[in-house]
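Model the full assembly from the supplied sequences, consistent with the hints where possible.
As given, the protein sequences belong to chains A and B, one line each in that order. This note's numbering applies: residue 177 is where the first sequence begins, and numbers increase by one. This note's numbering applies: residue 5 is where the second sequence begins, and numbers increase by one.
One or more hints might be untrue.
Which residues of chain B face chain A? A few of them, derived with a C-beta cut under 7 Å, are [what the hints assert, rightly or not]:
#1 C412
#2 L414
#3 Y517
#4 H520
#5 Q524
#6 Q550
#7 R558
Here are the simulated DSS-like pairs of lysine-lysine, each with C-alpha atoms no more than 30 Å apart in a straight line [unchecked claim]:
#8 B:K476 / A:K359
#9 A:K547 / B:K532
#10 A:K623 / B:K573
#11 B:K473 / B:K395
#12 B:K82 / B:K360
#13 B:K413 / A:K502
#14 B:K478 / A:K442
#15 B:K476 / A:K380
#16 B:K615 / A:K577
#17 B:K476 / B:K38
#18 B:K478 / A:K501
#19 A:K359 / B:K413
If you are wondering where the hints come from, they were derived from the structure by calculation, not from laboratory data. Backbone N, C-alpha and C fix where the C-beta goes; we use that ideal spot for every residue, glycine too.
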Amino acid sequence: MTNRSCITLYNFFVYNSNFGPREGEEHKKILFFHPADTNIDTKIKAVGLSEAVVKFTETFSDKPCDALHTQKTRQVFLQPEKDFWMVMTVTIPKSETEKDGQTHIEYHEDDVQDSVYGAVLKQAYNMFKLFMGPFTSILKLTNVQHLMQRLDHFFPRYLQTLRLGQADIMEVHNGIQFLPLDKNTYLRIQCFINLIEATFSQVKYTAFLYNDQLVWSGLEQDDMRILYKYLTTSLFPTALESEMCRESPKSGGPLPPITSSSHFGKYVTGPQNLNDSNNLGKIPHIYVNTDTRYEELNLIAYRALSATVCLMVEPTSIPGFEWYKKIDAFLGPQLSTLASDISEQYSKRASLPSDQQFKYIYFNHMNLAQKTTIHNRKTLSAIISPEIVRLIADINASFVKTEDDAETVMKTVSDCWVVGKKSDQREFYVVINQKNANLIEINEEVKRLCSTHFNNIFFLD
Amino acid sequence: MADDEGFYVELSPNPTRFESVSKVTNVFFDEVNKQVFAVRSGGATGVVVKGPDEKTSISFRMEDKGDVISIKLSNDMKVLAVQRSQKTVEFINLSEGTDTNEYSQSCKGKTTRIIGFNWTYLNEIVFITDHGIEFYQVIPEKKILKTLKTVNISVNWFVFLPESSLLLLSSTTLGNVLQPFYFKGGTLLRLPKFEVDLPVTPKPPKLCLLERDVTMSNIYGQVYIIVLRHQQRGHANMGAEVVLYQLQKESPAKKTDVLRLNMSGRFALNVVDNLIVVHHQASKTSMIFDIKLGGESHDGYVTYHLPVLAPLPIKPFKLKITGLHVPTHTQTTEISCELYSPNWIVFQPDIVIDAKLGCLWHVHLKLEPLVTMIPDKTRLVDFLLLRSECKMVILSVCKQALVPGHQCKLSTISVVFDKLNQVYRNYLEMESQAGQADLGIVRGKKRSQAVIDQADMYTHVFSVFVDNKDVKHKFIVAVLMEYIRSLNQFQIPVQHFLYELVINTLVQNNFFYQLHQFLQYHVLSDSKPLACLMLSLESVYTPAHQLALDMLKRLSTANEEIVEVLLSKHQVLTALRFIRSVGQIDTVSARKFLEAAQTTEDKMLFYTVFKFFEERNLRLRGHPRFVPGEHCEEYVRHFESTFGSESLMVPMVTS
Numbered sequence: 177m178t179n180r181s182c183i184t185l186y187n188f189f190v191y192n193s194n195f196g197p198r199e200g201e202e203h204k205k206i207l208f209f210h211p212a213d214t215n216i217d218t219k220i221k222a223v224g225l226s227e228a229v230v231k232f233t234e235t236f237s238d239k240p241c242d243a244l245h246t247q248k249t250r251q252v253f254l255q256p257e258k259d260f261w262m263v264m265t266v267t268i269p270k271s272e273t274e275k276d277g278q279t280h281i282e283y284h285e286d287d288v289q290d291s292v293y294g295a296v297l298k299q300a301y302n303m304f305k306l307f308m309g310p311f312t313s314i315l316k317l318t319n320v321q322h323l324m325q326r327l328d329h330f331f332p333r334y335l336q337t338l339r340l341g342q343a344d345i346m347e348v349h350n351g352i353q354f355l356p357l358d359k360n361t362y363l364r365i366q367c368f369i370n371l372i373e374a375t376f377s378q379v380k381y382t383a384f385l386y387n388d389q390l391v392w393s394g395l396e397q398d399d400m401r402i403l404y405k406y407l408t409t410s411l412f413p414t415a416l417e418s419e420m421c422r423e424s425p426k427s428g429g430p431l432p433p434i435t436s437s438s439h440f441g442k443y444v445t446g447p448q449n450l451n452d453s454n455n456l457g458k459i460p461h462i463y464v465n466t467d468t469r470y471e472e473l474n475l476i477a478y479r480a481l482s483a484t485v486c487l488m489v490e491p492t493s494i495p496g497f498e499w500y501k502k503i504d505a506f507l508g509p510q511l512s513t514l515a516s517d518i519s520e521q522y523s524k525r526a527s528l529p530s531d532q533q534f535k536y537i538y539f540n541h542m543n544l545a546q547k548t549t550i551h552n553r554k555t556l557s558a559i560i561s562p563e564i565v566r567l568i569a570d571i572n573a574s575f576v577k578t579e580d581d582a583e584t585v586m587k588t589v590s591d592c593w594v595v596g597k598k599s600d601q602r603e604f605y606v607v608i609n610q611k612n613a614n615l616i617e618i619n620e621e622v623k624r625l626c627s628t629h630f631n632n633i634f635f636l637d
Numbered sequence: 005m006a007d008d009e010g011f012y013v014e015l016s017p018n019p020t021r022f023e024s025v026s027k028v029t030n031v032f033f034d035e036v037n038k039q040v041f042a043v044r045s046g047g048a049t050g051v052v053v054k055g056p057d058e059k060t061s062i063s064f065r066m067e068d069k070g071d072v073i074s075i076k077l078s079n080d081m082k083v084l085a086v087q088r089s090q091k092t093v094e095f096i097n098l099s100e101g102t103d104t105n106e107y108s109q110s111c112k113g114k115t116t117r118i119i120g121f122n123w124t125y126l127n128e129i130v131f132i133t134d135h136g137i138e139f140y141q142v143i144p145e146k147k148i149l150k151t152l153k154t155v156n157i158s159v160n161w162f163v164f165l166p167e168s169s170l171l172l173l174s175s176t177t178l179g180n181v182l183q184p185f186y187f188k189g190g191t192l193l194r195l196p197k198f199e200v201d202l203p204v205t206p207k208p209p210k211l212c213l214l215e216r217d218v219t220m221s222n223i224y225g226q227v228y229i230i231v232l233r234h235q236q237r238g239h240a241n242m243g244a245e246v247v248l249y250q251l252q253k254e255s256p257a258k259k260t261d262v263l264r265l266n267m268s269g270r271f272a273l274n275v276v277d278n279l280i281v282v283h284h285q286a287s288k289t290s291m292i293f294d295i296k297l298g299g300e301s302h303d304g305y306v307t308y309h310l311p312v313l314a315p316l317p318i319k320p321f322k323l324k325i326t327g328l329h330v331p332t333h334t335q336t337t338e339i340s341c342e343l344y345s346p347n348w349i350v351f352q353p354d355i356v357i358d359a360k361l362g363c364l365w366h367v368h369l370k371l372e373p374l375v376t377m378i379p380d381k382t383r384l385v386d387f388l389l390l391r392s393e394c395k396m397v398i399l400s401v402c403k404q405a406l407v408p409g410h411q412c413k414l415s416t417i418s419v420v421f422d423k424l425n426q427v428y429r430n431y432l433e434m435e436s437q438a439g440q441a442d443l444g445i446v447r448g449k450k451r452s453q454a455v456i457d458q459a460d461m462y463t464h465v466f467s468v469f470v471d472n473k474d475v476k477h478k479f480i481v482a483v484l485m486e487y488i489r490s491l492n493q494f495q496i497p498v499q500h501f502l503y504e505l506v507i508n509t510l511v512q513n514n515f516f517y518q519l520h521q522f523l524q525y526h527v528l529s530d531s532k533p534l535a536c537l538m539l540s541l542e543s544v545y546t547p548a549h550q551l552a553l554d555m556l557k558r559l560s561t562a563n564e565e566i567v568e569v570l571l572s573k574h575q576v577l578t579a580l581r582f583i584r585s586v587g588q589i590d591t592v593s594a595r596k597f598l599e600a601a602q603t604t605e606d607k608m609l610f611y612t613v614f615k616f617f618e619e620r621n622l623r624l625r626g627h628p629r630f631v632p633g634e635h636c637e638e639y640v641r642h643f644e645s646t647f648g649s650e651s652l653m654v655p656m657v658t659s
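Structure (structure tokens):
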């Protein structure tokens with residue numbers, strides 16, 4: 177056995193060929209380049225190569241180039257806006273074997289899937305757009321220097337948070353987990369949100385989450401998809417971490433302030449201490465509906481127990497510190513009650529016996545609903561072998577090519593079955609670990625699963 | 005009318021008119037039949053009886069045998085009882101034309117004096133004397149009375165509540181021990197007596213609790229003894245109070261409520277629509293109390309109430325007089341009536357009589373002006389829900405609460421919806437219980453006006469509201485969701501037209517993703533009409549197609565619709581797979597599928613579908629041909645011309 181190296185980021189850059197069309201001005205095309213300490217010649221060469229590849233492939237296909245495979249690297253391309261190109265290069269994992277006293281290096285090209293890393297790149301762009309706005313809008317409102325500043329401000333930190341080694345089918349789906357809820361509780365939440373928006377007219381949109389699961393989004397689906405990703409992979413984990421640190425004060429240190437209120441509500445983004453009117457805390461700016469209304473909003477997240485309300489407010493309309501206090505007084509008690517009611521329901525559902533015989537991933541393209549039992553809920557990393565997870569992404573890649581319903585059944589060398597099904601806009605992948613099963617038995621098993629789990633939707637098996 | 009606004013109590017527009025009191029005319033009122041008797045010259049020149057309607061109004065003559073003390077007709081108006089002395093009541097049978105032969109009944113005992121009498125039931129009459137009760141049955145044919153029962157008890161005065169057949173006697177020197185009796189078809193039931201607490205006991209003792217301060221009435225289905233307690237001397241700050249004693253069957257009446265009048269002087273009471281209306285003569289105002297509208301209680305037993313609103317005068321009344329006093333003119337003239345006149349006499353439950361004017365009115369409540377007088381909408385709705393004629397007023401309150409100008413907060417609207425739906429829910433529950441209990445007996449109880457159902461809200465409130473261009477669509481959706489939430493909370497099934505309203509509002513404003521989320525959580529319940537509505541939205545919102553198919557699948561009665569939807573989208577194979585999955589492959593029409601396959605112009609698809617049905621034919625009938633009833637000739641020809649007749653399945657020949 178040998179140790180494989182990890183997939184790492186080799187480079188990442190953004191360019192626009194129109195900015196330096198003449199010879200000697202090539203450097204002007206480069207808007208952002210990672211790693212920053214790369215010398216300018218290397219940068220220009222990398223951009224030049226990518227330009228060449230893009231131009232060259234254009235002669236063969238109407239669709240722009242997706243990826244470039246080399247022995248040691250994989251390069252993925254994205255043209256998110258007209259003439260703007262984003263390119264990411266990752267390393268191919270390698271392993272060394274000793275044979276006849278000679279070191280033999282093997283590159284595992286199959287470990288890196290185009291669809292997965294294409295999705296990672298796409299997400300990088302979407303995240304930038306959420307916090308900074310689209311490239312063309314920034315250009316229109318300011319200038320190239322400003323655009324470069326924003327790129328420089330955003331990407332170095334963002335790229336650090338990428339966990340390339342763990343990227344899998346989940347990046348491709350990029351879905352949303354919804355909280356299963358009964359109708360009455362859902363309606364209570366719905367009316368609660370309406371009440372917030374009616375009482376505080378500054379709030380333009382609201383989203384409601386319980387843990388990492390979405391209950392309601394006032395934002396459109398595409399924006400919510402990006403925001404959801406940010407909340408669940410960045411904001412919530414960070415908030416949770418800092419909370420952990422705060423909750424264990426060192427002996428002799430100051431005790432945490434005791435709040436007089438009887439609720440559990442507090443700001444995740446916004447003032448951390450409601451007695452300190454000088455500190456409004458950090459409040460992210462987001463850009464939504466960039467294709468239509470182009471709205472710039474403040475994202476104020478407020479949490480009580482496991483429930484989070486995200487208030488999206490026009491930056492110009494926040495009246496000041498008193499407003500935060502009012503919001504807290506209004507949201508705190510009601511959200512606390514709602515959260516504890518949901519948790520009661522939630523624990524009842526969670527305690528239902530679950531079938532441990534199989535693991536699955538479900539995704540619906542129409543509402544982006546995603547469910548997975550092959551990933552750890554907290555860390556979101558896969559709990560089954562990476563080879564099998566990669567198989568799922570492979571099946572998915574083949575499904576993308578056809579509009580029709582499809583089904584793929586695969587058996588691994590380790591006697592594990594992976595079944596992928598596509599019915600209209602829904603995808604369903606099952607991993608069954610059943611020794612000595614034959615195709616007929618597996619087919620029956622999947623049929624049974626579908627009929628028990630999808631009896632309330634139109635999912636043909 | 006602008007001058008209508010400032011009043012919440014009014015007199016009935018068409019009072020019963022009668023000849024006013026004069027030297028020759030005496031006027032009497034019978035609380036049992038609600039009849040006014042105008043007796044001219046002791047009856048010799050006529051007795052005019054005016055009841056609530058034509059049937060209860062008659063006139064006749066009788067011999068003048070002296071001054072009449074009291075005069076009352078039996079319930080069937082066949083026997084007239086006249087009291088002309090303290091000892092005797094005379095009877096006249098009216099049914100036999102002018103039968104002037106009177107018969108009479110004297111009270112028992114030499115010193116006994118009749119205080120009054122009342123008809124209790126068809127031909128049953130009770131005399132209340134200072135020594136007790138004498139209960140008789142009148143036998144008009146024989147012109148005699150038969151004693152049914154007598155009770156000995158010293159009596160100061162009495163109050164009678166005809167609709168509940170209840171008699172209340174005041175006994176003891178102070179008069180504050182009250183003894184109720186209940187009459188039922190020839191029997192007399194003595195209920196537990198109770199004592200009314202007096203502010204001060206005079207020495208030597210004398211009658212303190214007077215007849216004019218005590219009434220009985222039905223309020224919210226319970227009998228109450230209503231006692232007016234005047235302020236004590238020396239306690240000038242304390243206003244008068246009205247004390248309510250709730251009558252109990254097994255135990256003495258219970259003091260339950262106290263109404264704080266905060267005024268003193270002469271008062272009169274009416275009960276209108278379960279409200280206690282207190283008229284105050286000195287200030288010429290009236291106030292209303294509602295014992296169900298909360299109040300404060302210090303001990304948990306007695307609740308203290310303040311008036312629902314500030315005291316206001318009764319709406320001025322103009323009496324129309326036709327030509328009577330002005331004989332030369334035929335047109336009507338109007339005279340203003342003096343309100344709270346000293347000539348007024350008040351009877352239960354809602355009667356005011358002005359004997360000098362010759363008018364009998366009923367006191368009415370005006371609900372519309374209250375809408376602006378009670379600014380707290382939840383209290384207003386609480387109040388209105390308890391009124392009998394409330395439906396349109398509540399609906400207009402709801403309508404007003406939603407539109408700009410008087411728009412209420414969403415939280416208030418939410419509370420109001422919950423209040424309405426609580427009543428609605430109680431009604432549905434009662435209805436289903438009645439349905440289960442006995443199907444044969446139609447429940448006599450009329451549906452209360454306070455039951456405001458979804459159709460009412462839709463017609464009078466929501467359908468108007470959603471078309472209002474001044475209302476923000478966000479608010480419209482919020483209000484509709486609030487109503488749907490409230491219905492769900494009370495487990496009332498939501499009707500389709502409400503969903504349609506929600507969907508249309510969302511669609512008109514391009515809130516498709518919100519709509520999607522509602523459907524995802526089944527906030528809008530599945531139905532075929534809803535699924536069809538979703539299908540029609542596919543062109544503007546693609547996921548609507550999936551939502552519609554899912555819904556049809558869940559309905560499980562819409563398999564045909566699913567097939568139609570799929571075929572219309574040329575998903576012939578999907579349709580076949582679906583029909584196979586629900587086990588209806590043997591019954592579907594082959595023609596429909598072949599037609600759909602042909603229109604796709606996909607030869608392979610047509611071939612596949614054709615072969616599929618050939619196999620079905622073989623399985624069902626033993627040969628692969630289509631039978632004439634299936635009308636597939638056209639497709640067979642198409643198959644032959646495309647693939648050649650040799651491609652048709654050859655039936656197996658069994659030897």
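Which numbered hints fail: 1, 17
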